[in-house]
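*Asks:* Here is what each chain is made of, one letter per residue.
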Amino acid sequence: MSAPQGSVRQQTLLWVAQRASAAVLALCVAVHLATLIYAVRGGLSAAEILARTHANVVWLVFYTVFVLAAAVHVPIGLRPVLAEWAGWRGRSSDAALLGFAMLITWMGLRAVAAVFA
Amino acid sequence: MSRLKVRVWRGSGEGRFESFEVPRHASQTVLDVVTYIQRVLDPTLAYRFACRVGMCGSCAMTVNGIPRWTCRTHVDVALKDRGELAIAPLRNLPVIRDLVTDMTAFFDKWAQAKGGFQGSRTRREPFHAIAPEKESRKRVDAAIECIGCAVCYSACDVVARNPGYLGPAALNRAWTLVNDERDAARAERLRAVAGDAGCHACHTHVSCTERCPKQLSPTAAIAGLKRETARAALRGEL
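Chains A and B supply the protein sequences, listed in that same order. Note that this note's numbering gives residue 1097 to position 10 of the first sequence, counting from 1, and the numbers run on in steps of one. Note that this note's numbering gives residue 225 to position 205 of the second sequence, counting from 1, and the numbers run on in steps of one.
Calculated from the structure, these hints are not laboratory results. These numbers come from a predicted model, not from an experiment. Even glycine gets a Cβ: it sits at the ideal position worked out from N, Cα and C. It is possible that some hints are incorrect.
Stated by the list, open to error - Only part of the chain B face toward chain A is listed, based on derived beta-carbon distances under 7 Å: (1) R181; (2) A205; (3) A207; (4) R211; (5) G215; (6) D216; (7) H220; (8) T224; (9) V226; (10) A250.
With the sequences and hints as input, model every part of the structure.
*Replies:* What follows is the structure, encoded as C-alpha cells:
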C-alpha cells in the first residue's frame, strides 16, 4: 500500500477538482486557439495584439481563469505520474505539487498582468 | 497428425520457458494443450483448473502475452499468425510454481472493497422484491457475471504500477453492491473504494474491459463508482 496521502474524501475531491478544471480548460483552450488563429490571420503584430489586450478586462478575466484552471489541473494530473513512474508518494510529493501549483499560478498571472498592463 | 510447438513457463520467481510439442487437434483449447503436457509429457507441470466450461474462473493464464481463460480459448484464436504458443502465469500476481499464481492479494482486495453483501433484514421478514426493469437492477445485471478469474487484474497496467490499487474485479463487485438496494453498507463501501487505492486510481485504459472473458465492463463500473463517490464527497458523506 502507498503511504497515506490525506483522507479518502480529499483524494476524491482532488479528482472532482481535476474533472472540473478540465471542463474549464476545454473551453479556454478552444477560445484561446480560435482567437490565436483569428488574430494572426490578418497579420497582426505582437504590438498590435498587446494594444488590443491592454486594459481589456474581458481578456484579463478570461486568462486569469485559464491560468487558475491550469494550476489546479496540472499538479493533480502529475500526482499519479510521480506515484506510478517515480514511486514518489506521500506528504513530500503533495507538498512539492502544491509548490508547483503555486509556481504555475505565479508565472501565469505574471504573464496575464503583462498583457493587461 | 500435425504438431504444435508450445513454450511453457516453469519455475517460480526464477523461471524460464520450456519447449514442448503436442498433437494438434481441431477445436483444441489452450487448457487441452496444458493438460496434455501434464498428463503425457511432464507430470510435474503445475497448473490450476476445475470446471473446464468457463464457470469457475480458475484456469486463467497468459497466452502469447494476453491474459485469457484457457478452457474457452481455442488454440486457433490464441495463435493468430504465430507459429507457436507461449503459456505463462497471470501477470501482477506472485507465481507459486509454473502456471499457478497466488491469488491471495486479488481476493483480499475484494474484501477490502467491501465485496460482501450486507443485508439489513432478518429471515423472519419478507423478501425484498426488486423489479427486474428497475435501472439500478439493470446496472447490477450488467456487472454481476464476474467469475473471479483475475484476467482483468492481470491485464491492468495500474495494478502493475500501483500495487495497492484494488483492481477492476474488486471494484466491479463493489459496483454491483452499490446498486443493490437491499445492501446496508453503501456509505462504508463508497469509502472503501474511493481515493488513491480505489476507483480514482483508474486511468481508463480499458484493458480490463477488452480482456474480460465474460464481456463485462469493469471500466463502466469504475466510472460509476467515481461518480457516486464524488457525489458522496461533495455532500460530505465520504
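*Asks:* If you test the structure against every hint from before, which numbers come out violated?
*Replies:* When the structure is compared with the hints, numbers 2, 3, 8, 9 turn out to be violated.
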